[in-house]
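Trainee: Starting from the structure of chain A, add chain B where the hints point.
This is what each chain is made of:
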Amino acid sequence: MATVSRQEILLLAQMSRMAIYDHELDGMIKHVEDVLNYAHRVTQVARDVTEPSTRLSNVVRADTVEAVDAEPLLRQAPEREGNYFIVPRILEQNE
Amino acid sequence: MSITPFSSIKEIRQLVDTKQIAVHELLDFSLKRFQAFDRNLGSALELFDAESILHASQGISPLSGIPGLIKDNICQQDRITACASKILEHFRSTYDATAIARLKHSGALLIGRANMDEFAMGSSTETSAYKKAHNPWDTTRVPGGSSGGSAAAVAAGLVPWALGSETGGSVRQPASLCGIVGLKPTYGLISRYGLVAYASSLDQIGVLTRTVYDNALVLSVIAGHDTHDATSLKVAAQDYTSSLQPTLPAGLRIGVVHDALNASGMDPEITSAIEEAVAQLQKLGATIKQVSLPTLEYAAAAYFIISRAEAASNLARFDGVRYGLRNTQAHSLHEMYASTRHDGFGAEVKARIIVGNYVLSTGHASEFYQNAKKVQRLIRAEFIDTFKEVDLLVMPTNPMPAFKIGAYDMDKLQIDLQDYFTCSVNLAGIPALSVPCGQTKTRLPIGFQFIGPHLSESLLYRVAHAYEQNTAWHTLHPQGF
Numbered sequence: 001m002a003t004v005s006r007q008e009i010l011l012l013a014q015m016s017r018m019a020i021y022d023h024e025l026d027g028m029i030k031h032v033e034d035v036l037n038y039a040h041r042v043t044q045v046a047r048d049v050t051e052p053s054t055r056l057s058n059v060v061r062a063d064t065v066e067a068v069d070a071e072p073l074l075r076q077a078p079e080r081e082g083n084y085f086i087v088p089r090i091l092e093q094n095e
Numbered sequence: 001m002s003i004t005p006f007s008s009i010k011e012i013r014q015l016v017d018t019k020q021i022a023v024h025e026l027l028d029f030s031l032k033r034f035q036a037f038d039r040n041l042g043s044a045l046e047l048f049d050a051e052s053i054l055h056a057s058q059g060i061s062p063l064s065g066i067p068g069l070i071k072d073n074i075c076q077q078d079r080i081t082a083c084a085s086k087i088l089e090h091f092r093s094t095y096d097a098t099a100i101a102r103l104k105h106s107g108a109l110l111i112g113r114a115n116m117d118e119f120a121m122g123s124s125t126e127t128s129a130y131k132k133a134h135n136p137w138d139t140t141r142v143p144g145g146s147s148g149g150s151a152a153a154v155a156a157g158l159v160p161w162a163l164g165s166e167t168g169g170s171v172r173q174p175a176s177l178c179g180i181v182g183l184k185p186t187y188g189l190i191s192r193y194g195l196v197a198y199a200s201s202l203d204q205i206g207v208l209t210r211t212v213y214d215n216a217l218v219l220s221v222i223a224g225h226d227t228h229d230a231t232s233l234k235v236a237a238q239d240y241t242s243s244l245q246p247t248l249p250a251g252l253r254i255g256v257v258h259d260a261l262n263a264s265g266m267d268p269e270i271t272s273a274i275e276e277a278v279a280q281l282q283k284l285g286a287t288i289k290q291v292s293l294p295t296l297e298y299a300a301a302a303y304f305i306i307s308r309a310e311a312a313s314n315l316a317r318f319d320g321v322r323y324g325l326r327n328t329q330a331h332s333l334h335e336m337y338a339s340t341r342h343d344g345f346g347a348e349v350k351a352r353i354i355v356g357n358y359v360l361s362t363g364h365a366s367e368f369y370q371n372a373k374k375v376q377r378l379i380r381a382e383f384i385d386t387f388k389e390v391d392l393l394v395m396p397t398n399p400m401p402a403f404k405i406g407a408y409d410m411d412k413l414q415i416d417l418q419d420y421f422t423c424s425v426n427l428a429g430i431p432a433l434s435v436p437c438g439q440t441k442t443r444l445p446i447g448f449q450f451i452g453p454h455l456s457e458s459l460l461y462r463v464a465h466a467y468e469q470n471t472a473w474h475t476l477h478p479q480g481f
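Same order as they appear, the protein sequences are chains A and B.
Note that this note's numbering gives residue 21 to position 21 of the first sequence, counting from 1, and the numbers run on in steps of one.
Note that this note's numbering gives residue 321 to position 321 of the second sequence, counting from 1, and the numbers run on in steps of one.
Here chain A stands alone, though its shape is the one from the complex (with noise of 0.2 Å):
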């Protein structure tokens, strides 16, 4: 049985940069509990296939420039400067 703990979920919250507050906690690991107990049966039958399972092969374009206009994309930004994408502070004032 998997039990995942406070910690772990905080942690997982932090490397996937998504808050999860407190009173979400509890319904966030009984949700992922429950989903890694039940898949957890992958265990009982996985085992090496010698048949190979896709043949895989490079697709490439020729190496050109093909001009795209990037103002419909840069207009989307919440806010933008020119060809930058302006976001908060990123480090500490003391860093």
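Source of the hints: derived by calculation from the structure; they are not laboratory data.
Note that the coordinates shown come from a computational prediction; the quantities given were computed from them, not determined experimentally.
Glycine residues also receive a C-beta, built at the ideal position from the N, C-alpha and C atoms.
Please note that the accuracy of each hint is not assured.
[Claimed, not checked] Here are the computed lysine-lysine pairs in the BS3-like style, where the Cα-Cα straight-line distance is at most 25 Å: (1) B:Lys132 with B:Lys374; (2) B:Lys104 with B:Lys10; (3) A:Lys30 with B:Lys412; (4) A:Lys30 with B:Lys404; (5) B:Lys10 with B:Lys131; (6) B:Lys404 with B:Lys132.
[Claimed, not checked] To give an idea of the interface, some chain A residues facing chain B are shown, with a C-beta separation under 8 Å as derived from the structure: (7) Leu10; (8) Ala13; (9) Ser16; (10) Met18; (11) Arg41; (12) Ala46; (13) Asp48; (14) Gln76; (15) Asn83; (16) Pro88; (17) Arg89.
[To be verified] Only some residues are given here: those of chain A computed to face chain B with a beta carbon under 10 Å: (18) Leu11; (19) Leu12; (20) Thr43; (21) Ala67; (22) Val87.
Mentor: For chain B alone, coordinates are given in the frame of chain A:
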């Protein structure tokens, strides 16, 4: 003949070609039906204005002038593409998905955005951040998901076709719950360019219609190689309607997956409807073999892991920096990311991202993700082996008919398990077609699916069409529409 709510594309084409109805009248007819009925169905998140709809599509083809609905995760240029999420509430696509471009070129009318589960994560359209969708056969029940809006609109006769998308069953499952036809094509047959990614190795656009012929017609317009999608197969466009006949191909061998039919939790009405359908196929000349797919039992588990792992990666792009929702009160970049994604994503999406990153993380990856990939290879190998003995497989699409809205609020796993019979197909990358095969005592649709080997869409359509033409399920429609 005059236009009716449930006219097929084939019938509508006849009406238009013989000038019994003009294209703008057809469009008007459809838009009026949404006005009359969609308040109770919630199938469309947005309907566009008639002028821009007509202006966007130019071309002559069997599909020209025929209105259809597009799932909200497929990019239409200058239209909002929100994936039924708040995080993309005001986002406008700057380009057309390849499937959309091809539809516009065919003259088909794209009339709006279909409701869906948020980011295609769900099997009931209950996680849409905007509104729930309802099953036209019983509006207290779900239409299925994640392409629930697409299915509801087609089933209720608001449009004769719609595009949906599949990652684990999200076209076939709602098609089955709504009594219509739903195709999940071979992975790579329809370009993913412009389909918002959920799990890139599994995602495919799918087609929903009321008849098999109509389905083949729409696929013919959008399928085929696309240089914009490196995973798109080098397959030329073709006319999938040309192989349709009212009879089965001689010597057809159909495998009935008996461990699916007798799985615990199967609704007995569904089992008996499918057994009836199999008997019908036998009467039409098919040789029926009982087959067993032992790894089927582990498909959902493998699918949960793989799809969530890929989703965690794909949804990382929604960060408030370049487009979409941004929390402008945040004091730091990290706070902006964290609060934007917290506020912009619904609970189901957040849970899937967490699970996805969990199964990929050090200490868990080999147990979960690597093993899931191994199980995926086993599933593929099992299908390949089985197709040496039979030409097609038959399996249930759902374990139960449409459930009540809110039935599984406290047990999300049960909703996830709606994909139980569909997701093995996505994991194997093979095509499957769900068609109606009955109704429960309370007039809820029952569907079943034909599953074929890689690129066997023509065969799937041929067999399903023969079955359909020799039964009457496709003539049944929900009342009150």
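Trainee: Taking each numbered hint in turn, which are not upheld by the structure, reported in ascending numerical order?
Mentor: Hints 1, 5, 7, 15 and 21 contradicted; others consistent.
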